[in-house]
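Q: This is what each chain is made of:
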Amino acid sequence: MRLSHRSLTRSALIHLILGAYTVIALFPVILIAINSFKTRKAIFRSPLSLPDTESFSLIGYETVLKQGDFFGYFLNSLTVTLVSLFFVLLFGAMAAFALSEYRFRGNTLTGLYLALGIMIPIRLGTVAILQMMADLQLVNTLWSLILVYTAQGLPLAIFILSEFMRQISDDLKNAGRIDGLSEYVIFYRLVLPLVCPAMATVAVFTMIPIWNDLWFPLILAPGEETKTITLGAQVFIGQFVTNWNAVLAALTLAIVPVLVLYVIFSRQLIAGITSGAVK
Amino acid sequence: MDRQESGRKPFRWHILVFLLPATSVYTLVMIYPLAETLRLSLFREVDNSTVFVGLANFADLFFDSRWSDQFWNALWNNIYFFIVNMLVQNPIGIALAALLSIPRLRGRSFYRTAIFLPTLLSFVIVGFGWKLILSPLWGVAPTLLDFVGLKFLFAPWLGKEAYALTTVALVSVWQFIGLPMILIYAALLSIPEELMEAAECDGVTGAAQFWKIKLPLILPTIGIISILTFVGNFNAFDLIYTMQGALAGPNFSTDLLGTLLYRTFFGHQLQLGDPNMGATVATVMFLIILSGVALYLFVIQRRITRYQM
Chain A
240 MRLSHRSLTR SALIHLILGA YTVIALFPVI LIAINSFKTR KAIFRSPLSL
290 PDTESFSLIG YETVLKQGDF FGYFLNSLTV TLVSLFFVLL FGAMAAFALS
340 EYRFRGNTLT GLYLALGIMI PIRLGTVAIL QMMADLQLVN TLWSLILVYT
390 AQGLPLAIFI LSEFMRQISD DLKNAGRIDG LSEYVIFYRL VLPLVCPAMA
440 TVAVFTMIPI WNDLWFPLIL APGEETKTIT LGAQVFIGQF VTNWNAVLAA
490 LTLAIVPVLV LYVIFSRQLI AGITSGAVK
Chain B
367 MDRQESGRKP FRWHILVFLL PATSVYTLVM IYPLAETLRL SLFREVDNST
417 VFVGLANFAD LFFDSRWSDQ FWNALWNNIY FFIVNMLVQN PIGIALAALL
467 SIPRLRGRSF YRTAIFLPTL LSFVIVGFGW KLILSPLWGV APTLLDFVGL
517 KFLFAPWLGK EAYALTTVAL VSVWQFIGLP MILIYAALLS IPEELMEAAE
567 CDGVTGAAQF WKIKLPLILP TIGIISILTF VGNFNAFDLI YTMQGALAGP
617 NFSTDLLGTL LYRTFFGHQL QLGDPNMGAT VATVMFLIIL SGVALYLFVI
667 QRRITRYQM
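Chains as they are written, first to last, in the working numbering: chain A, 240 to 518; chain B, 367 to 675.
Next comes chain A alone, as it looks inside the complex (with noise of 0.2 Å):
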């Protein structure tokens, strides 16, 4: 009796203690998304308290879809982010496959000289690129935002897929060279569906950091034509930095692809990150 009364105190401190961080850590962005439905009036006398029927209002929304061109920097966004994973997953999965499968002159050197960019941030280049897309008139381009997301998700995607793909069983592979297979067909047909899932869990990592940046959009694509959804939401809210129901709709408009993301992907995020850690 005793026993099962105190495990049950401490399991409702456990509980306690993490819906507490979960407030902390969920509070801002429902504060966020609530307002932003909200006329002025009431995001200012009551910013805690749910919309009703008398402080309902979308004219934030109206604001944000009049002023902005949020469908075609939400565009841009999903082009930029969709072509680099594309290139990433590919070009990595390549890379990975030739550093894991053959040995060779240079292997271990190789892997090294492409792990450097896993620590060293791209970011710190930024000089010399702005000056390189300058020279292949690739500023305001979609291009040079793809290139630049192509080379910085490669050396994790190599280094994540070739842990991987050093599991795959050497029978396999070498009953398809007995069969007359070559290289590139073992590669596409045998090797890649064995990593699909580690790819979805490289995708998911390449894919936030791209979609989030605001440094080389800022740098390298600022125009109207190729901002991403993310500069666009940073000029939108600045220049409207007074007008709080279109800064609050800008806001909630920003965080629904994430979430939406979020909730197909969460599992396999997070199965991805702790199968990782348990090798």
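Simulated from the structure, these hints should not be mistaken for laboratory data. Fair warning: there could be bad hints in the mix.
Covered by chain A, per the in silico footprint, the following chain B stretches (three or more residues, Cβ under 8 Å) [stated by the list, open to error]: (1) 377-389; (2) 595-607; (3) 653-662.
Straight line, CA to CA, 30 Å or less: simulated DSS-like cross-link-like pairs of lysine-lysine [to be verified]: (4) B:526 to A:280; (5) A:280 to B:517; (6) B:497 to B:517; (7) A:280 to A:305; (8) A:280 to B:497; (9) B:497 to B:526; (10) B:497 to A:305; (11) B:375 to A:412.
Built from N, CA and C at the ideal position, the CB exists for glycine as well.
Given the coordinates of chain A, work out where chain B should sit on it, guided by the hints.
A: What follows is chain B alone, placed relative to chain A:
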């Protein structure tokens, strides 16, 4: 044929094909610009021609008061920013992970998902969201403090030189706490059941179990978290830029090396942008990060005892 003639294996082209796309993009867009940036820091623009000046840019950055005041200010701010992150983010992250890994905990995945969410939000959302919440205009922060009877503590923190940097650092903690939490959580899960059962048989339970058995086992992960925090903090820019602007106000009190790099490179207000000084700042950041990573790889990582599990 080749093999018989020369006694060597034929050149395996497929290896080159597999490696070439990744290495060329990486070399061209990452390594070359990094090297070029390091090189640019040794040159200067004089009368429309580029002149090699050795380490003169660095001398200016460190000692010429036009640059050095801002540089040392940003460097010390950055060190302080890092210390706050290490001391607040990582212990809380570890504590949350320890609680989450308690067996048979209900609602585990809900807590985990919720606490990790801020890590995925962009700096724009985090920065502006907190700016609004902390704004004395809106009054959410004082209202909330009033609930717990601490209203007297409220001040427009972001606008005060004395508090702004700490406030921004704590917002950064709020955003990134999910990372240490999830990594430590994964490390704790990987500790084998039998080990804990053996500990229980020996009468080591509860808190003692955490301190004496689990903590030593997760030290390598704590090392990884520390170096990730270090690299992230000495490269930080976005949060300051969205919350305090490129001038990192009030009066540069929240200036970090990242914002200094941005201002030096692009210029601001009356000062013109200077690519060579920008490259110099980037080189200093590179050296700081490189020495941190080297310290971790060659000293700390080797000292940490790893237990075979």
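Q: Does the structure keep residue 497 of chain B and residue 305 of chain A at a Cα separation of 30 Å or less?
A: 25 Å, holds
Q: Against the 30 Å threshold, does the CA-CA distance of residue 497 of chain B and residue 517 of chain B hold or violate the hint?
A: Holds, at roughly 18 Å.
Q: Could you grab the alpha-carbon distance between residue 375 of chain B and residue 412 of chain A and see if it respects the 30 Å cut-off?
A: 20 Å, holds
Q: Is residue 280 of chain A within 30 Å of residue 305 of chain A, Cα to Cα?
A: With a Cα-Cα distance of about 22 Å, the restraint between residue 280 of chain A and residue 305 of chain A holds, given a limit of 30 Å.
Q: Below or equal to 30 Å on CA atoms is what counts here, so check residue 280 of chain A against residue 517 of chain B.
A: Given pair residue 280 of chain A, residue 517 of chain B holds - Cα atoms ~23 Å apart, limit 30 Å.
Q: Would you check chain A against the stretch 595-607 of chain B, counting CB to CB pairs closer than 8 Å, and say if three or more residues qualify?
A: holds (count 5)
Q: Do three or more residues of the stretch 377-389 of chain B come closer than 8 Å to chain A, measuring C-beta to C-beta?
A: Check passed, 9 qualifying residues.
Q: Decide if the proposed pair is consistent with the structure: residue 526 of chain B and residue 280 of chain A, CA atoms, cutoff 30 Å inclusive.
A: OK: residue 526 of chain B and residue 280 of chain A at ~28 Å, within 30 Å.
Q: Count residues of the stretch 653-662 of chain B with a Cβ under 8 Å from any Cβ of chain A, then say if the count reaches three.
A: holds (count 3)
Q: What's the verdict on residue 497 of chain B and residue 526 of chain B, does the C-alpha distance respect the 30 Å limit or exceed it?
A: 13 Å, holds
Q: Holds or violated: are the alpha carbons of residue 280 of chain A and residue 497 of chain B at most 30 Å from each other?
A: 19 Å, holds
Going down the numbered hints, you'll see the structure goes against none, and every one checks out.
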